[in-house]
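Asker: Each chain, written out:
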Amino acid sequence: MKRYVYINDDEASRQQLYCVNRISNRKYTVLNFLPKNLWEQFSRFMNQYFLLIACLQLWSLITPVNPASTWGPLIFIFAVSATKEAWDDYNRYLSDKKANEKEVWVVRQGIKKHIQAQDIHVGNIVWLRENDEVPCDLVLMGTSDPQGLCYIETSALDGETDLKTRVIPSACMGIDFELLHKIKGLVECPNPDKDIRRFDANLRLFPPFLDNDVCPLTIKNTILQSCYLRNTEWACGVAVYTGNETKLGMSRGIPEPKLTAVDAMIDKLTGAIFVFQIVVVMVLGIAGNVWKDTEARKQWYVQYPDKGPWYELLVIPLRFELLCSIMIPISIKVSLDLVKSLYAKFIDWDNEMIDLETGIPSHATNTAISEDLGQVEYILTDKTGTLTENRMIFRRCCISGIFYGNESGDALKDVELLNAIASSSTHVIHFLTIMAICNTVVPIKSKSGAISYKAQSQDEDALVNAAARLHMVYANKNGNILEIRFHGLIIQYEILETLEFTSDRKRMSVVVKDCQNGKILLLSKGADEAILPCASAGQQTRTFVDAVEQYAQLGLRTLCLAWRELKENEYREWSFMFKEASSTLVDREWRIAEVCQRLEHNLEVLGVTAIEDRLQDGVPETIETLRKAGINFWMLTGDKQNTAIQIALSCNFISPEPKGQLLLIDGKTEDEVCRSLERVLLTMRSTFSQPKDVAFVVDGWALEIALRHHWEAFTELATLSRTAICCRVTPSQKAQLVELLKSCDYRTLAIGDGGNDVRMIQQADIGVGISGREGLQAARAADYSIGKFRFLKRLILVHGRYSYNRTAFLSQYSFYKSLLICFIQIFFSFISGVSGTSLFNSVSLMAYNVFYTSIPVLVSVLDKDLNEETVMQHPQILFYCQAGRLLNPSTFAGWFGRSLFHAIVVFVISINAYAYEKSEMEELSMVALSGCIWLQAFVVALETNSFTKLQHLAIWGNLIAFYIINWMFSALPSSGMYTIMFRLCRQPSYWITVFLIVAAGMGPILALKYFRYTYRPSKINILQQAERRGGPILSLGSIEPLQARTIEEDVSPLSITQPKNRNPVYEPLLSDSPNSTRRSFGSGTPFDFFQSQRLSSYSRNCKDN
Amino acid sequence: MASSSAGGPGSGDAAPPRRNSKRPKYSRFTQQELPACKPILTPRWVISAFLLVGIVFIPIGVISLFASQDVVEIVDRYDSVCIPKNFTNDKVKYIQSPGSKPPCHRILNVTKHMKQPIYVYYQLDNFYQNHRRYVKSRNDKQLRDPSSENDISGCKPEDSNSRGVIVPCGLIAWSLFNDTYNFSHNNQQLKVNRRGISWKSDRDHKFGKDVFPKNFQSGGLIGGGKLAYNVSLSEQEDLIVWMRTAALPTFRKLYGKIEVDLQKGDVINVTLGNYYNTYSFNGKKKLVLSTTSWLGGKNDFLGIAYLTVGGLCFFLALSFTLIYLIKPRQLGDPTFLSWNRGPGGH
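Chains as they are written, first to last, in full-length UniProt numbering: chain A, 1 to 1105; chain B, 1 to 346.
Warning: the hint list may mix true and false statements.
Take a look, some chain A residues computed to stay more than 10 Å from chain B by CB distance [claimed, not checked]: (1) Lys-194; (2) Ile-219; (3) Ile-402; (4) Glu-483; (5) Glu-549; (6) Ile-964; (7) Phe-969.
Straight-line distance between alpha carbons at most 27 Å, and here's what the computed BS3-like set of lysine-lysine pairs gives [what the hints assert, rightly or not]: (8) B:Lys-38 <-> A:Lys-345; (9) B:Lys-141 <-> A:Lys-1009; (10) B:Lys-327 <-> A:Lys-1019; (11) A:Lys-298 <-> B:Lys-286; (12) A:Lys-298 <-> B:Lys-85; (13) A:Lys-298 <-> B:Lys-93; (14) A:Lys-949 <-> B:Lys-38; (15) B:Lys-156 <-> A:Lys-298; (16) A:Lys-1009 <-> B:Lys-209; (17) A:Lys-164 <-> A:Lys-477; (18) B:Lys-156 <-> A:Lys-307; (19) A:Lys-413 <-> A:Lys-164; (20) A:Lys-298 <-> B:Lys-136; (21) A:Lys-1019 <-> B:Lys-91; (22) A:Lys-307 <-> B:Lys-136; (23) A:Lys-84 <-> A:Lys-164; (24) A:Lys-112 <-> A:Lys-27; (25) A:Lys-298 <-> B:Lys-141; (26) A:Lys-268 <-> A:Lys-102; (27) B:Lys-209 <-> A:Lys-298; (28) A:Lys-307 <-> B:Lys-93; (29) B:Lys-156 <-> B:Lys-209; (30) B:Lys-286 <-> B:Lys-327; (31) B:Lys-200 <-> B:Lys-101; (32) B:Lys-200 <-> B:Lys-115; (33) A:Lys-298 <-> B:Lys-91; (34) B:Lys-156 <-> B:Lys-136; (35) B:Lys-101 <-> B:Lys-141; (36) B:Lys-284 <-> B:Lys-85; (37) B:Lys-38 <-> A:Lys-298.
Selected chain B positions facing chain A (in silico; Cβ < 10 Å) [as the list claims (entries may be wrong)]: (38) Ile-60; (39) Tyr-119; (40) Tyr-121.
Treat the hints as calculated values from the structure; they're not laboratory data. Where a beta carbon is used, it is the ideal one built from N, C-alpha and C, also for glycine.
Please put together the full structure from these sequences, using the hints given.
Answerer: Structure below.
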């Protein structure tokens, strides 16, 4: 299938063969919003369940209460979700509208016109000026550059921030500026797809412009939507894909929603409650049918018919199903959504996470996963730009064996080097020349005459700037002619070829012609392992190897510079091959690399540059704190091993020799890697129990082999090792490592700043992007974006921890209050002939779930169990969150038991206090309800750690609101509870009963809590107590930082001993929290079992890759 | 020459301008720094709380118990004794047989002085007024409003009969309790006031003044008592009382009030008409004469429960104090943090 684009043909564009350039990211339209949204909401199990219940309630024979008691909340909840969706969609519509209404210059009827971007038709010629955003996919027709070049920035498309060159098709070369308005022709291109690296099309211009020859087009001839035109005065092109059919539009996808561990646990608990409910319903249903047949037939006043309809047996179970349906709180989803968005807001609002340099606050893009932050077990971090500032500074160099900058630490200030430059030492001059021109940097001269550089990479930027400081100023680039100023001299070079940098080649070269003497030179720079082997046979590279080693030890990034003079005919021969390779269609990159290889040999190595990339502020402290919190760190970097290790040492990632130990996994072949892996694994297992800081280091190549062939062993290694350094890894390997850790059921957090981290960030449970110097790709793809690495500490220890604690309480409390009222209903059924009568009336039931019990608990989002400072001083406390100690089946069992106990208290006291002449249905129901409300207020109060005004207002205000609302209902003659509440409030026995319920319900709980708090305190309790007493806690901050292994050791006994002396009702049993059990197992059989399951899925993945 | 290089080459700071507008506004709420009080469960606090509860609850318990003890209550179960001898084996047949039944005579001895008003209750056991089929079988609209006479939804199976709709409809009204009691004392009629036994709000708002019984108890199946056709529902107080359904299977309902004091040793003769069928489900019927207190009728539960809870709180407070004295525990002792206890080996 092809599309034919007639250039500048108003007739054709009027036919509207293709969609106009209106972008639409909207999910809904006004018409389909309701059905589509409802359909989406009902695809969730919970919603289906509630709908089923609501529908069953319409059957008046079985409904115990008014159907409104379910329909009301259900509609409310749906309305809330729908409103949120609608709001999001409206915002998308607004941003679309903004993009659509942007003004662009387009040629219409031969005249340039200013129109809105959405009115661009396929075939229109669009004019862009410098720094304009490209409105749709264009095929270049002309640029201001006489060579037909233009520069574009593609960061929005692929995350690469360097400028890319695009060139006009050869057929359009040399067309006059004026004539471009009238150009006519035909572009034959494939139908829209999402491949941004491919565009196989043909162009044929109609006479009088050129002959009828077909001109092939590639992606090089296009500029795609959302790119920016840079360093080019103007460019024009013909629109080929528009609207949602552009390459960007086609590749736009909706990311999978992430589910937190807490959500998964809540789902699991919901499932358990559901099963429990079914069991209860079946038991009560059978009991009810039996009672009906034995007893109820004797109760003449009930008038049970002798023969009922066929469904008679089902009626009572279904009634109980409806009666018990409140066990699963309908409000939990809304409450959770609400508090989660508040957690996210707290992150956005946090003043302490604002990057003061740029003024950018932290931002939570994904509002739903804050709890996961508190449960992170592995952090996978990028190095450059994440741990470091990504601000490259040229520090040292070694030119022909002489080290510069070693004393002062700054080669630019080294007098020797300056002297060498002044005396125009040949090697030094060559060295500086390569620094200045062996790159793809574009110099830009501002009006004041100052030169700034647009660089592809920070390294090149550093080198060019350093060269300029050393008087070798790269002054101008005019087409292929470069101008260099050296001590007032202007030297011109003509660039003949650029042998681009690829991550496989690890070097880049330029072929230049010295315009002064006509010599052709090959200038290369690259990684040591890529340059040194290419050195000419005679040269001693020993000094350079030493230099590289020495610099790497200091954590500097090294590049080797080399050059060679080319013979005229050698170049010409090679140039021919290079052109051929460049125009191949199959395996082009590989072919080019091969051809380049033929030129890059026999190099004369000139020297080594060392560039410093400083650590960000607070990185070592952050890493140390988070490691104390029991989080394992992996560093994944594209940098070389030595540099990576040095950085790792300097930021507390690993400990130096006596304490720490580095294990290397290397090898080029499968066997070597396998052996090395086995060896490391053996050491790792044997040192596991020792207080030693063992880390393994693996490079990209070995990692590839390990992941492909030794998945099992590598996974075991991954679970054993708290620290790992992976160097020379590709973006997809980063993502694979995340996948590997996730497959072992670890919660992973990936943090990075560049486009190469995007995949890892999206893959991880939590992706954090640093809005740094490499652009915003990572930040945009991430769930959270922060300005500096050190904010991670606060993000995890403060926001993550609080979020987890709060959600843990809120969700369990929601179940508690639903179960409480449900248990009372169940008990009541035993004294109402197991017939499924509801003790409470519909209004109370509805208000109980949606109002009385939801408001007070919502303010638990303000609860703080410990001060932020305390948590920072004792990061180990995060263990409670990590291991899921606050929300797991056993804590839930505690809440379950509490609701059962409270239900018994409320029920027994109410029916005994309101017996005989007082046993009026409405009164009894309100007494029991009041008891529940009072109890829940006290439960919330008891579980709240810090009371702010808002909490007092919500907890006690809610209690007052309960009475006010019920008085209002009691004032309505038509309501069932007319006068009831007034009547009750006047009775002393009502108040006496309520206080009895509170005392009997809360007494044992307070006693138990106090006992545990004082005599079996958890670490959190101890810290709370210490915090309140002030004093010693602060001095504790200075305790000697213990090594991570120590914590691990201490945590394990803690985790094993705890369940023995804890009341299982209130303290989570460790056996129930998967993470901690896994930890205490260490390396054992469980893993083998575990991994054998993973294996099959992995091999499948491999094939996909 | 050397002076030309000040600062690193890369230090040409291209930091974007401060975007202060993006900075969130500072407030204590957004920073989660609202002033908060953080109570902790200190021994003093907890022990005094329990002590306080104990101190408050025990007197209340005593007072409640006294109040309950002050109430004089005479309970007389009559369901089995009011069956003629020849029917003892087939009580159901007796009670269901049409025709007049002989009155039943009971003698009640007043053991303690009873101050007026003395409430007369009937108590039913094992009677499920809260049964799902029963409790919903009524129509409040019909009871209230004469124009909604035909509104009989929910009243099945006692909604209408061959003569038309039933007012009041439903099982509750249909099963109206109809035993009658007459009291005499020293051969003098003891006046029982049957007015004002129902809730005023019910008479005024729930049962219409111009709603009259219609086709009531006139179908094939007779349930309980009948209603006078010329008396409006709002004045049928027996019905109003009966229709306040009880939440428990054992309940008492007010029959009337005796508005004179009864002296200790008084003998009261009760002539009762035993018409209501509780025999088919083994329900008991009891006649209760009771005075009242500020707390209601005779019910020791609250008093005992208060004493128990108060006592337990005392006990807990005491034992916590003892434990505290015997085994004092320093709160917030950092040495209990396992990571501070770390073995000193390394």
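Asker: State for each hint whether it applies.
Answerer: Hint check results:
A cut-off of 10 Å between C-beta atoms confirms that Lys-194 (chain A) is not in contact with chain B; the least separation is 32 Å. Here Ile-219 (chain A) stays apart from chain B, with its beta-carbon at least about 30 Å from theirs, past the 10 Å limit. Chain B leaves Ile-402 (chain A) outside its interface by the beta-carbon criterion, the shortest separation being 18 Å against a cut-off of 10 Å. For Glu-483 (chain A), the shortest C-beta to C-beta distance to chain B comes to about 20 Å, beyond the 10 Å cut-off, and the non-interface label holds.
Interface exclusion of Glu-549 (chain A) from chain B stands, the closest Cβ pair being 24 Å apart, more than 10 Å. Under the 10 Å C-beta cut-off, the non-interface status given to Ile-964 (chain A) relative to chain B holds; the minimum distance is some 20 Å. For Phe-969 (chain A), the condition that its CB be more than 10 Å from all CB atoms of chain B holds, with the nearest at approximately 13 Å. Distance check on the hinted pair: Lys-38 (chain B) and Lys-345 (chain A) sit about 24 Å apart at the alpha-carbon level, within 27 Å; holds.
Between Lys-141 (chain B) and Lys-1009 (chain A) the alpha-carbon distance is near 51 Å, which puts this suggested pair outside the 27 Å criterion. Of the pairs offered as hints, the one joining Lys-327 (chain B) and Lys-1019 (chain A) holds, with about 20 Å between alpha carbons and a cut-off of 27 Å not exceeded. For the hint linking Lys-298 (chain A) to Lys-286 (chain B), the alpha-carbon distance of about 20 Å falls within 27 Å, and the restraint holds. Distance hint between Lys-298 (chain A) and Lys-85 (chain B) is fulfilled; the C-alpha atoms sit about 23 Å from each other, no more than 27 Å.
Distance check on the hinted pair: Lys-298 (chain A) and Lys-93 (chain B) sit about 14 Å apart at the alpha-carbon level, within 27 Å; holds. For the suggested pair Lys-949 (chain A) and Lys-38 (chain B), the alpha carbons sit about 12 Å apart, so the restraint of at most 27 Å is met. With a C-alpha separation of about 18 Å, the suggested pairing of Lys-156 (chain B) with Lys-298 (chain A) holds against the 27 Å cut-off. For the given pair, Lys-1009 (chain A) sits about 58 Å from Lys-209 (chain B) by alpha-carbon distance, which is inconsistent with the 27 Å threshold.
A threshold of 27 Å between alpha carbons decides the hint, and for Lys-164 (chain A) with Lys-477 (chain A) the separation of about 15 Å falls inside it, so the pair holds. For the suggested pair Lys-156 (chain B) and Lys-307 (chain A), the alpha carbons sit about 15 Å apart, so the restraint of at most 27 Å is met. Annotation: proposed proximity of Lys-413 (chain A) to Lys-164 (chain A) is violated, straight-line Cα distance about 34 Å (limit 27 Å). A hinted pair counts as satisfied when its Cα atoms are at most 27 Å apart, and Lys-298 (chain A) with Lys-136 (chain B) qualifies at roughly 19 Å.
For the proposed pair Lys-1019 (chain A) and Lys-91 (chain B), the alpha carbon gap of about 70 Å is over 27 Å, so the pair is violated. Pair hint Lys-307 (chain A) plus Lys-136 (chain B) holds up; C-alpha atoms about 21 Å apart against a cutoff of 27 Å. Between Lys-84 (chain A) and Lys-164 (chain A) the alpha-carbon distance is near 40 Å, which puts this suggested pair outside the 27 Å criterion. A hinted pair counts as satisfied when its Cα atoms are at most 27 Å apart, and Lys-112 (chain A) with Lys-27 (chain A) does not qualify at roughly 35 Å.
Of the supplied pair hints, the one linking Lys-298 (chain A) and Lys-141 (chain B) is violated, its CA atoms being roughly 30 Å apart against a limit of 27 Å. For the given pair, Lys-268 (chain A) sits about 49 Å from Lys-102 (chain A) by alpha-carbon distance, which is inconsistent with the 27 Å threshold. Annotation: proposed proximity of Lys-209 (chain B) to Lys-298 (chain A) is violated, straight-line Cα distance about 36 Å (limit 27 Å). Proximity of Lys-307 (chain A) to Lys-93 (chain B) is assessed by CA-CA distance (about 23 Å); at most 27 Å being required, the pair is judged to hold.
For the hint linking Lys-156 (chain B) to Lys-209 (chain B), the alpha-carbon distance of about 24 Å falls within 27 Å, and the restraint holds. In summary, the hint linking Lys-286 (chain B) to Lys-327 (chain B) is not supported, as the alpha carbons are separated by about 57 Å, beyond the 27 Å threshold. For the suggested pair Lys-200 (chain B) and Lys-101 (chain B), the alpha carbons sit about 34 Å apart, so the restraint of at most 27 Å is broken. Taking the CA atoms of Lys-200 (chain B) and Lys-115 (chain B), the gap is near 24 Å; set against the 27 Å cutoff, the hint holds.
In summary, the hint linking Lys-298 (chain A) to Lys-91 (chain B) is supported, as the alpha carbons are separated by about 14 Å, within the 27 Å threshold. Of the supplied pair hints, the one linking Lys-156 (chain B) and Lys-136 (chain B) holds, its CA atoms being roughly 10 Å apart against a limit of 27 Å. Note on Lys-101 (chain B) and Lys-141 (chain B): the hinted pairing is violated, with a Cα-Cα distance of about 36 Å set against a maximum of 27 Å. Distance restraint check for Lys-284 (chain B) and Lys-85 (chain B): the Cα-Cα separation of roughly 18 Å lies within the 27 Å cut-off, and the hinted pair is therefore satisfied.
A distance of roughly 59 Å separates the Cα atoms of Lys-38 (chain B) and Lys-298 (chain A); the hinted pair therefore is violated under the 27 Å criterion. Because the smallest distance between the Cβ of Ile-60 (chain B) and any Cβ of chain A comes to about 7 Å, under 10 Å, the interface hint for this residue holds. Annotation: interface hint on Tyr-119 (chain B) holds; nearest CB of chain A at approximately 8 Å, less than 10 Å. About 6 Å separates the beta-carbon of Tyr-121 (chain B) from the nearest beta-carbon of chain A, less than 10 Å, and the hint is met.
Checked against the numbered hints listed earlier, the structure breaks hints 9, 16, 19, 21, 23, 24, 25, 26, 27, 30, 31, 35 and 37; every other hint is satisfied.
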